[in-house]
Amino acid sequence: MSDDLQEPDGAEENSTESLFEAPPMGEQERMVEAMLFAASEPVSLRDMAARMPHGCDAAEAVAHLRKRYEGRGVRVVRVGDAWAIRTAPDLGFLMQNEVTETRKLSRAAIETLAIIAYHQPVTRAEIEEIRGVSVSRGTIDQLLDLEWIRLGRRKMTPGRPVTFVVTPSFLDHFGLESSRDLPGLKELRAAGLLENRPPPGSPLAAEDADQAEGEAPGQSELFED
Amino acid sequence: MSDDLQEPDGAEENSTESLFEAPPMGEQERMVEAMLFAASEPVSLRDMAARMPHGCDAAEAVAHLRKRYEGRGVRVVRVGDAWAIRTAPDLGFLMQNEVTETRKLSRAAIETLAIIAYHQPVTRAEIEEIRGVSVSRGTIDQLLDLEWIRLGRRKMTPGRPVTFVVTPSFLDHFGLESSRDLPGLKELRAAGLLENRPPPGSPLAAEDADQAEGEAPGQSELFED
Amino acid sequence: MDEDSFTPDTMSVADRLAAEALIVDVDGFEGPLDLLLTLSRTQKVDLRKISILQLAQQYLAFVEKAKALRLELAADYLVMAAWLAYLKSRLLLPPDPSEEGPSAEDLAAHLAFQLERLQAMRDVAARLMGRDRLGQNFFARGEVESVARVKRITWDASLLDLMQGYARIRTRDEFRPFVMDRESVYTMEQALETMRGMIGFAGSWTDLTRYLPPGWDSDPKRRRSATAATFAATLQLVKEGRLELRQSETFAPIELRRREEDES
Numbered sequence: 000m001s002d003d004l005q006e007p008d009g010a011e012e013n014s015t016e017s018l019f020e021a022p023p024m025g026e027q028e029r030m031v032e033a034m035l036f037a038a039s040e041p042v043s044l045r046d047m048a049a050r051m052p053h054g055c056d057a058a059e060a061v062a063h064l065r066k067r068y069e070g071r072g073v074r075v076v077r078v079g080d081a082w083a084i085r086t087a088p089d090l091g092f093l094m095q096n097e098v099t100e101t102r103k104l105s106r107a108a109i110e111t112l113a114i115i116a117y118h119q120p121v122t123r124a125e126i127e128e129i130r131g132v133s134v135s136r137g138t139i140d141q142l143l144d145l146e147w148i149r150l151g152r153r154k155m156t157p158g159r160p161v162t163f164v165v166t167p168s169f170l171d172h173f174g175l176e177s178s179r180d181l182p183g184l185k186e187l188r189a190a191g192l193l194e195n196r197p198p199p200g201s202p203l204a205a206e207d208a209d210q211a212e213g214e215a216p217g218q219s220e221l222f223e224d
Numbered sequence: 000m001s002d003d004l005q006e007p008d009g010a011e012e013n014s015t016e017s018l019f020e021a022p023p024m025g026e027q028e029r030m031v032e033a034m035l036f037a038a039s040e041p042v043s044l045r046d047m048a049a050r051m052p053h054g055c056d057a058a059e060a061v062a063h064l065r066k067r068y069e070g071r072g073v074r075v076v077r078v079g080d081a082w083a084i085r086t087a088p089d090l091g092f093l094m095q096n097e098v099t100e101t102r103k104l105s106r107a108a109i110e111t112l113a114i115i116a117y118h119q120p121v122t123r124a125e126i127e128e129i130r131g132v133s134v135s136r137g138t139i140d141q142l143l144d145l146e147w148i149r150l151g152r153r154k155m156t157p158g159r160p161v162t163f164v165v166t167p168s169f170l171d172h173f174g175l176e177s178s179r180d181l182p183g184l185k186e187l188r189a190a191g192l193l194e195n196r197p198p199p200g201s202p203l204a205a206e207d208a209d210q211a212e213g214e215a216p217g218q219s220e221l222f223e224d
Numbered sequence: 000m001d002e003d004s005f006t007p008d009t010m011s012v013a014d015r016l017a018a019e020a021l022i023v024d025v026d027g028f029e030g031p032l033d034l035l036l037t038l039s040r041t042q043k044v045d046l047r048k049i050s051i052l053q054l055a056q057q058y059l060a061f062v063e064k065a066k067a068l069r070l071e072l073a074a075d076y077l078v079m080a081a082w083l084a085y086l087k088s089r090l091l092l093p094p095d096p097s098e099e100g101p102s103a104e105d106l107a108a109h110l111a112f113q114l115e116r117l118q119a120m121r122d123v124a125a126r127l128m129g130r131d132r133l134g135q136n137f138f139a140r141g142e143v144e145s146v147a148r149v150k151r152i153t154w155d156a157s158l159l160d161l162m163q164g165y166a167r168i169r170t171r172d173e174f175r176p177f178v179m180d181r182e183s184v185y186t187m188e189q190a191l192e193t194m195r196g197m198i199g200f201a202g203s204w205t206d207l208t209r210y211l212p213p214g215w216d217s218d219p220k221r222r223r224s225a226t227a228a229t230f231a232a233t234l235q236l237v238k239e240g241r242l243e244l245r246q247s248e249t250f251a252p253i254e255l256r257r258r259e260e261d262e263s
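Protein chains in written order, with numbering that gives the first Met the number 0: chain R, 0 to 224; chain U, 0 to 224; chain W, 0 to 263.
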């Protein structure tokens, strides 16, 4: 592994005048590697040499180590007259940890989304009429950002208001094959989500339910383009 | 268009059907190298994967990296479910100025630690049974302070006593990959010395004896969820 | 104690000192089991084959000496002494078949097990502490790079949320004290549609009420809705530059006509 490293000048000293046999260069490289790794700040050659056994050549060991780390995820870099191991610059992006926090959509957003899903294509005014309260710009923007709704065709009514429709990623998120699969009012009622009792003085209830279900089949054509 | 959207919930997306091409394994290896070098604490595969581009296989990258560092000055070591880079133990002599002063542990603390490690999850009463003497609050506190032990789940026995288990820091400190690698664990188990054997004549003796046999392979089943 | 003569040469000076220290330094022991374990070492045998009888005698002798020296012995040492005295008597006497409970052999075996287990824990504790340790023999990264935390928020809603949300709206509708009677609501969109078709013919000033749709002028509720919608529609058409409006005085009829400028 280390045989391809040719010895630079200045290496001859360790063979000549050391009292003890210096460890082989591979060992010296290991030593330098461990020291640079464990140090809390850059280490000078002098420091390294002082800690290494007699006869070692810290400079050469660092040169070998530097070469070994070329192109790796970390690099041996010179900092002033000392050496340190640092992350390769192109991998800086790994030094951030993305924390994803999941939050529940607000009630306003869920209701708006539900209306769009059940009534699409639907204008903002229609959403407001159904909800009985105004819909804030922020709520629509949030749903657009989530890519759960998108703009549909403009309505051929005064002001040519934009309409909203749900997107394929909406279907994906809610596990629906098409918006036709949304449970109808009858099913909501069967699931206990709606009061069973027909509301007093409202002959429209049953009619609405049929209507909502009848509406659904046509919606899919909105996903064109 | 929508049929590729049905990714299974759960997570194993990265290996099978990623939308983007994962970087080559050499690159992935560089990435885990950079991440492991940057941290002093062990990093879990999940953490690494979360920071790497989509489709990467952190486990495989770590396996490659580990091999690469065999015999070097630093090593890639496993600590529980996580990985870390640590200097090779034979080079400790070079890092004398990095040595962290640790409070000398009392004999009681050392024994208690060993009992927790080998008998975990273990209650205080069981520790006292084994040592034949009461365990002082200070001893447990010291081990908790060092973050070598932590509270485990309560035992499903009368009084639902708390148990103690060792932590990943304990494994890291003693250079263990997992609690299964505790020295002599197999021999102790084979010799029956890790069994919870109640004194003969105690009211629970017969009952417990049966239970103890069932317990041995998977102590965890004693614990609720 | 005759174990000195049993293995005279294996007992070092340190051991002798330890044996003497035994007698005075009770505090040096971690409880009666520890003391028993220490005493058992003088038997120089495998803990499994240890003579509990002999051990009990040693322990009782130790307690006697301590008493003679008027050392305060902790209660658990005395409890152990009483128990060992009982065990000793049971071991010496032939078993009494009428007696209930575990046999003396069982009790002795359990004590041997406890001693062996404690010794085993001590051995592995020593092995554990003898390992290469982080911060002593091997080291973690010194120069830690901090990992920045980037917070990303994802929004979530389930199909049930959606259904409940929709059900909530529908329920609210149904129980709203003022139920909107859609039969009697003429929308601006409807009015516009009608108006668009008709303005071409509005060359001269005409009363707005003439544009109310047929069938909407009798019922006051319907009339009000239709008037409002039609008026709103005319405003829209004025804005578009297609109509002109005028009203001679407050509450006077509103008149409208086609706007001509564009064509001239």
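There may be inaccurate statements among the hints.
Claimed, not checked - In silico PhoX-like pairs for lysine-lysine, Cα to Cα no more than 20 Å straight-line:
#1 W:Lys87 / W:Lys64
#2 U:Lys103 / R:Lys66
#3 W:Lys87 / W:Lys150
#4 R:Lys154 / W:Lys238
#5 W:Lys64 / R:Lys103
What the hints assert, rightly or not - Selected chain W positions facing chain U (Cβ under 7 Å, derived; list incomplete):
#6 Leu91
#7 Pro96
#8 Ser97
#9 Pro101
#10 Met120
#11 Ala124
#12 Arg126
#13 Asp131
#14 Arg132
#15 Leu133
#16 Val143
#17 Ala147
#18 Lys220
If you're looking for bench data, these hints aren't it; they were derived computationally from the structure.
Idealized CB from N, CA, C, for every residue including glycine.
Could you work out which of the previously given hints the structure breaks and list their numbers from low to high?
2, 3, 5, 6, 7, 8, 17 and 18
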